[in-house]
Amino acid sequence: MENGEVGEDGEVEVEGGTSTRSRTKKRGERRERRSRSRDDELETSTIDPELKSSYKDKDKSGDTFEAGGEFIPFDFPDSDDEGKKERKEEREERKVFVREWDRGKHWSADGDSPRKRKADEYERDDGYENKKQRVDAASRKAPWIENVDWKRCNNVAEMLQQEVEAFIEYIAPTHEEDELRGLVIDLVRKAVTQQFPDAEVFPFGSYETKLYLPLGDIDIVIQSESMAYSNKVTVLHALANVMKRSGITDKVSIIAKAKVPIIKFVTTHGRFSVDISINQANGLGAVRMVNQFIAELPALRPLVMIIKAFLSQRSMNEVFTGGLGSFSIVCMAVSFLQMHPKIRRGEIDPEKNLGVLVIEFFELYGCYFNYQEVGISLRDGGTYFSKAQRGWLDYHKTFLLSIEDPGDPSNDISRGSYGITRVRTTLAGAHGILTAAAYMHAGIITSRREGRDVHLRNRNHPEDTSILSSVLGITQEVRLGSLWIWDDC
1 MENGEVGEDG EVEVEGGTST RSRTKKRGER RERRSRSRDD ELETSTIDPE LKSSYKDKDK
61 SGDTFEAGGE FIPFDFPDSD DEGKKERKEE REERKVFVRE WDRGKHWSAD GDSPRKRKAD
121 EYERDDGYEN KKQRVDAASR KAPWIENVDW KRCNNVAEML QQEVEAFIEY IAPTHEEDEL
181 RGLVIDLVRK AVTQQFPDAE VFPFGSYETK LYLPLGDIDI VIQSESMAYS NKVTVLHALA
241 NVMKRSGITD KVSIIAKAKV PIIKFVTTHG RFSVDISINQ ANGLGAVRMV NQFIAELPAL
301 RPLVMIIKAF LSQRSMNEVF TGGLGSFSIV CMAVSFLQMH PKIRRGEIDP EKNLGVLVIE
361 FFELYGCYFN YQEVGISLRD GGTYFSKAQR GWLDYHKTFL LSIEDPGDPS NDISRGSYGI
421 TRVRTTLAGA HGILTAAAYM HAGIITSRRE GRDVHLRNRN HPEDTSILSS VLGITQEVRL
481 GSLWIWDDC
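1 is the number of the first residue of the sequence shown in full-length UniProt numbering; add one for each residue after it.
Be careful, since some hints might not be right.
Claimed, not checked - No farther apart than 35 Å at their CA atoms in a straight line, the calculated lysine-lysine pairs in the DSBU-like style are these:
id, residue 1, residue 2
1, Lys190, Lys244
2, Lys397, Lys257
3, Lys251, Lys190
4, Lys244, Lys264
5, Lys257, Lys342
6, Lys257, Lys232
What the hints contain is simulated information worked out from the structure, not anything from laboratory work.
Build out the structure end to end from the sequences listed, making use of the hints.
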């Protein structure tokens, strides 16, 4: 096409490239097509009202999925001139400067030069609340990538899929660890029943669902009629003495004023953290429901393990500190899989798209879910409900997440997560970080395919090939914990 002629797509070729007006028009048409596709996919009431307009502008489901494919491919342009121009335009629009971000700098919105980021900006992006957590994060390793065959990966989705599978295999409970936890439960049962003959000791929570992390707690409930008619504080002190006399532990913390009074201790063998409550039967019912969901949704377990590990490394996995409890995380993941449009229509296999689903989980609950107005229900295959109509809207705390208890529709299981705003911000940050890492690796794959040089910070460092390690890692404490378990077995 000669200079100044109009092409088939209406663009005018001028010296130096396509005109700014035509590029703007082309982007506008592209956004309009995506907006129409998105309106067909989602119920807009689920989206935060403040984000509806930006959500329609953002490229997500319309081009992210490939119907009938084994993987959900990322929509990265080809490496031709048009693709290069489009990538450049998208970066300018989104203010995503991967190179400067990678150097730990933040691009100034007022000028064209990078500036150093302030401490509060780091905290807002990575989710770590103090320097110790940030130092711990820097010391984490990604040992799971030793089991990943990167050469078999043709795109970023396949890389993420293999990484998630390798991560889950690495942190999954070993047979020895599970046996040792079972031994601890047997010791507690024996010690308790000797002192309280009518007592029954049951494990519940992540031990029973096998969703526990390497340093996860062991949750135990004691059902006893005699304890029910005794003073709770007195019973807790008696249990603490029983645990110490039996040699299970040498130090017990008694938390008597909590909503659910418990005793906490670390075992002598295995160094497991144990929480014991009294006459709390709802936890046993939750175990049955979670195991049923795991059987029905095979992708649930890896998704939950990733989210739990991510929140645990940022101290956001405990309700008493404002974070999300395990049951809330499971319910959020179940709802995500139930309500996912491509999964509902059977267009993708969730088990073969785990990596992309992890990113989309961060995106939904970090960027777009309407916490102010919408609640989550798992009944009838998954639904959303109005918090106001249900009477669950606290006008002084509209930001709270509401999740209907699958076993008791009148119970909001997440109402105690008062720090959900910080959790939400951290999930959004993880989505941004993982997306940036995915774009970078997509460029690496394209460059290698075309035979161009790829410059990494350390060619011999295997973690440079990891995407998940940008938000997850294995600490020395976890690795030493595994050694302690082997020593005790």
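Hints and how they fare:
A C-alpha spacing of about 13 Å is found between Lys190 and Lys244, which places the hinted pair at or below 35 Å, so the restraint holds. The straight-line distance between the Cα atoms of Lys397 and Lys257 is roughly 24 Å, inside the 35 Å bound, and the hint therefore holds. Restraint check: the Cα-Cα separation between Lys251 and Lys190 comes to about 19 Å, which is no more than 35 Å; the hinted pair holds. For the suggested pair Lys244 and Lys264, the alpha carbons sit about 12 Å apart, so the restraint of at most 35 Å is met.
Pair hint Lys257 plus Lys342 does not hold up; C-alpha atoms about 46 Å apart against a cutoff of 35 Å. With a C-alpha separation of about 10 Å, the suggested pairing of Lys257 with Lys232 holds against the 35 Å cut-off.
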